[in-house]
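Asker: Below are the chains, spelled out letter by letter.
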Amino acid sequence: MSFTLKINGTSHEVDVDDDTPLLWVLRDVLGMTGTKFGCGAALCGACTVHIDGAPTRSCITTIDTVGDSAITTIEAVGASPAGRHIQQAWLDLEVVQCGYCQSGQIMSAAALISDNKTPSDDDIDNAMSGNICRCGTYARIREAIKHAATAYAGEAK
Amino acid sequence: MLNNAMLNTYAPAQPASDTPAPGLSRRSFLTASLAAGGGLLLAVSLPRFVGEALAADGPFAPDAFIRIATDGTVTLVMPQVEMGQGIYTALPMLIAEELEIDLAGVRLEHAPPDGKLYTNPAIGFQVTGGSTSIRGFYEPLRKAGASARTMLVAAAAQMWGVDPASCDAAKGVVLHPASGRRATYGSLAEKAAAIPVPKEVALKPVDKFTLIGTPAKRLDVAGKVDGTATYGIDVKLPGLKVATVAACPVFGGKLKSVDDTEARAVKGVRQIVKIDDAVAVVADHMGAAKKGLAALKIEWDEGPNATLSTEEIVKQMAALATSGPAVDDKKVGDVAAAEAAAARTVKATYQMPFLAHATMEPLNCTVHVRPDSCEVWVGSQVLGRAQATAAEVTGLPAEKVTVHNHLLGGGFGRRLEVDSVTQAVKIAKQVDGPVKVVWTREEDIQHDIYRPYYYDQFAAGLDAQGKVTSFRHRVVGSSIVARWLPQAFANGLDFDAVDGAAGPYAFPNLHVDYVRHILPEGFVTGWWRGVGITHNAFIVEGFVDELAVESKADPVAFRRGLLANDARARGVLDLAAEKAGWGTTLPARTGRGIAVLFGFGTYMAQVADVEIGKDGAVKVRRIVCSVDCGVVVNPDTVKAQVQGGIVYGLSAALYGQITLKDGRVEQSNFDNYQALRIEEMPEIEVHIVDSREAPGGMGEPSTAGVAPAVVNAIFAATGQRLRQLPIDPDRLKGA
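Just so you know, the protein sequences line up as chains L and Z, in that order. All letters in the first sequence, in the order written, are residues 48 to 204 by our numbering. All letters in the second sequence, in the order written, are residues 11 to 745 by our numbering.
Take the hints with a grain of salt, since some may be wrong.
With a cut-off of at most 27 Å between alpha-carbon atoms, the simulated DSS-like pairs for lysine-lysine come out as follows [to be verified]:
id, chain 1, residue 1, chain 2, residue 2
1, L, K193, Z, K227
2, Z, K214, Z, K246
3, Z, K307, Z, K671
4, Z, K439, Z, K410
5, Z, K624, Z, K743
6, L, K53, Z, K277
7, L, K53, Z, K227
8, Z, K209, Z, K181
9, Z, K227, Z, K181
10, Z, K264, Z, K410
11, L, K193, Z, K629
12, Z, K246, Z, K410
The following residues of chain L were derived to be distant from chain Z, with all beta-carbon distances above 10 Å [unchecked claim]:
id, residue
13, F84
14, C86
15, A117
16, G146
Derived by calculation from the structure, the hints in this document are not laboratory data. Glycine included, each C-beta is placed from N, C-alpha and C at the ideal position.
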């Protein structure tokens, strides 16, 4: 079946089965490999994208459910103020190790601070619990989210 | 005994106590030639440190390249692979310190497989593992930088007709302060290539370092926050197909037959490929490949392991612990006499489970087989082995196999294996054009090469005052070394299985021995972050804690008494205890435990604070870690490695176990092979000892130290002594 997807502000036409997960359309059909495969079962968060701003696991989101929603991926998250602040905080606080999970971490974190510029530790736990990092960067992720949220809130004033 | 820091964890031809520190100070042999693009190409040759068996291709081998182009671009070819440990920053720091360049703007390239050029001096072939990168390259890469700088300065001095000693170098420029003349490295590159290589170069003393020891920003992370970094799984090629694979779920089993009628009907599926023990579905994209795989009707020949279970394996190991035959590792004094004279003998059995690695990036390998060549795109810790297996499977000579290395989405030892490369090449041989073979997470967990199960027995003699008079430790486990590095499997002893088997302690009477357990063919064990130290630190530190309790001694004071001859070990022990507030009163159902270890040339202690719920749930509140890893190259990376290693070790301590039933692995994904999540993250404090000692490895010690500290804290909180991992909350209910 043919689907028209709105990804990072651009329309893309793809011809795949309607139960194809969005992840594989992004990675293998459209070559947008920033979104990562980790588990295929919404258990690790590596494949997180935004669909109409909401953090969504693309590995279990079939293409027929996306409709004309706006999809944002790691390649374009820096275009939003929240995404840009998160990326900068990730660099400033040296969050990254192997980096493989960080696309998903950044997408979840950007969605969090776009809605909540003063996230508590509980808010961070709730927003980030679905994102596994085997390198163990969690402490720095937490600090970087706070750092980014503060910078974002300061800018918004 | 262990003060003699073992650089080479992989090659103790003799017991550690008899192994001299490998000769990193031996003279380097340097050669230079003009790079293809014009400019200075400097290769560093070093003697190898491992036995003759591994040095088949010559007594001296180059290790690393510095390239300086005429436009001033500095390119550093990284002999070690980046898997998150920060080596793509630390190795450039070593070179830049002596070369006198800014780190910013340096170009990094992955080294290709080339055992002559990129041998890891600490191990003896091209490998990233065992926390050896800094230890192996600390001196060679500084020498490389110093030699290149010396030649650039000589070129400038020759041009100006001045004494090289009257020139300085800084930030990529040679200066002649007396005349004010200056020349950039780029402008000097061609001239410098004609300068004879200095036979000897002086290296800066530690107190003159301006870059080493500073928290330099990582060079590999910009592309990791915007999706542009390329891991093996991200390879894009014209005409690339994607395949996913199912290997026989029973280890050692074979493919019998496949009905692929339905799979072929799936949109996007192009081909079904059968190999001896697996079947792959080749498709336009992974979604179609997975759907096709699910539609296959596969019949397996399960082979002889169809009834294999963990229980059976453990039963075999328990029997071996009694029957042997055991091979001696260390024998000090007279253990039998000491035990006969002891006031009390304490005995215990400890067990550790099989573990999977579960790197975030599932295993994958892209291969294009042509009649006369083969290309491989992969992220591997052992590039030469990746090349060799591709050559073997295709029948091509190794020089016809090109391996393109990539960033690794986690290694942890899993990418020290090339089983997935072998398999991908077998599949690619049947595919016209390039194919990317991607394992599902389920395949990744169920066809891992697992950390061995260990079954260890202790006996210790105590005198009437509670002093340890003898220490006996028998290790039972499969041998990784016998398979992975057979040259180093000497007289039946697996040096890794017994690494750290007496901890950092000096026991007056000591006996460590090893019994090899042989697993059924097809079920394979391998390296896992922290390797032998992770195994032995857990069980030795647990048992030593038991001895402290038996002796009615404070666990810190008790350990200090066993470390009388080891100031660095006492140093980290006391530092962690002090920073953690050892001895202060804790609330009910909370406890504090300590562990100390020496491994990878590094001393470390960890103090864990835990809280036990009424339901037995273990919450690790805080870890205070002290570390003496000698000279620190990048303190921020050291901290990151401590934090990350603790998370990896804690995930295993709380949740990690691979079990077998009917010859199959029972775990399959992150729901039943759990990883620590952000809300479970303890507060971690890292205290680094200021040291001028030779650098130790930092990729693994913290993984080793966390489980024993936590288990000892659980004992302090509940009185329950856990001698088996993972931690079983059922044993702590209401405790």
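Asker: For each hint, tell me whether it holds in the structure or not.
Answerer: Hints, verified against the model:
1. K193/L / K227/Z: Holds: K193/L and K227/Z sit about 20 Å apart, inside 27 Å.
2. K214/Z / K246/Z: 44 Å, violated
3. K307/Z / K671/Z: Holds - the C-alpha atoms of K671/Z and K307/Z are around 22 Å apart, at most 27 Å.
4. K439/Z / K410/Z: Holds, at roughly 15 Å.
5. K624/Z / K743/Z: 6 Å, holds
6. K53/L / K277/Z: 23 Å, holds
7. K53/L / K227/Z: This hinted pair is violated, its Cα atoms lying about 36 Å apart.
8. K209/Z / K181/Z: 24 Å, holds
9. K227/Z / K181/Z: 17 Å, holds
10. K264/Z / K410/Z: 30 Å, violated
11. K193/L / K629/Z: 23 Å, holds
12. K246/Z / K410/Z: 21 Å, holds
13. F84: 7 Å, violated
14. C86: 4 Å, violated
15. A117: With a cut-off of 10 Å, A117/L remains clear of chain Z, as the shortest Cβ separation is near 17 Å.
16. G146: Check fails; 3 Å does not lie beyond 10 Å.
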